[in-house]
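Peer 1: Residues per chain are reported as follows:
2 protein chains.
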Amino acid sequence: MLCVAAACAVALIPITLSAVEDDSSPIFGVRIPVGYRQWELIAPSHETGSFNELRGILGNPIALKAYREGTLPFPDGAILAKLAWKREPSTEFPGAFVPGHATTVQIMVKDSRKYEATGGWGFGRFIDGMAVDRAQHETCFACHQANVKDHDYVFTRFAP
Amino acid sequence: MLCVAAACAVALIPITLSAVEDDSSPIFGVRIPVGYRQWELIAPSHETGSFNELRGILGNPIALKAYREGTLPFPDGAILAKLAWKREPSTEFPGAFVPGHATTVQIMVKDSRKYEATGGWGFGRFIDGMAVDRAQHETCFACHQANVKDHDYVFTRFAP
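Each protein sequence line maps, in turn, to chains A and B. Take the first sequence: its letters are residues 1344 to 1503, numbered as in our numbering. Take the second sequence: its letters are residues 1344 to 1503, numbered as in our numbering.
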């Protein structure tokens, strides 16, 4: 029955979707980890400009242990998940801004051998559960390398 | 030895601290729950104006179950923890804002009998682990009652 349902779902995908859309990222093959929404908060953040987003950066237990102990580089198996939502004014409290609709989920997976060419990190950027295209993934490491090489290519610090 | 250490700590408290300062809140007797920093993220938020804060609102398992199942009012035992930090510009990524120093931790505890007079919620507002004064705690429920009575007096919605 599940196979039948899956076949129907495939048949219903709009023809505007391109072949590169997948639930694993181009270049890196990173997928959204099961249970990531239950992971601990590392820190929130606010992206201004055209993003206009509130974000929550979560980490799996290996990542959180490294943050708490100040371990750099992060050990293999560490995974970070950045959840982003449009930033909208609260209708209930003037001056407060709250999450609107979800925009992207961005994943970093540490595997120092598999991702040796990109600082040990594999990247995935997802919209509605589907990875974005190769061109966007080609920009990930260059930006992390340019800005936060000395923090093992990770922007987010732990908010105590 | 622990008792001796505690006695020394008391002796070293600066005399400028007033008698109302404590690690439980006036009026409600709410304390900062053990392990709250490991709780799941409900949502981030951004408070503008003089607050200028980024916040992460976390909840214990009873609270998260209620959020995911859409249960209102929240069941007894639900606890919410709002962690606030000054919002500071990232030095590493222009246009991004990140947590600076921690300002307050604010706790809401649901106990429909103990806190019957305040919608079933007990409130606690803490700076550096110490509860703020009675006057500040007298304002909590009035604001929640005025603005979010229909959401069981809770501002924060779950960010998916």
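If you're looking for bench data, these hints aren't it; they were derived computationally from the structure. Keep in mind that a hint or two might mislead.
No copy is singled out in the list; a pair is fine if it fits within one copy or between any two copies.
Stated by the list, open to error - 20 Å max Cα-Cα, derived SDA-like pairs, lysine to any residue: (1) K1457 - Q1381; (2) K1425 - A1460; (3) K1429 - F1501; (4) K1429 - D1366; (5) K1492 - F1436; (6) K1425 - R1374.
Peer 1: Please go over all the hints and tell whether each is borne out by the structure.
Peer 2: Verification of the supplied hints:
| no. | hint | in the structure |
| --- | --- | --- |
| 1 | K1457 - Q1381 | neither (26 Å within a copy, 30 Å between copies) |
| 2 | K1425 - A1460 | neither (22 Å within a copy, 40 Å between copies) |
| 3 | K1429 - F1501 | between (22 Å within a copy, 14 Å between copies) |
| 4 | K1429 - D1366 | neither (22 Å within a copy, 36 Å between copies) |
| 5 | K1492 - F1436 | between (39 Å within a copy, 13 Å between copies) |
| 6 | K1425 - R1374 | within (13 Å within a copy, 30 Å between copies) |
This entry does not satisfy hints 1, 2 and 4, going by the numbered hints stated previously.
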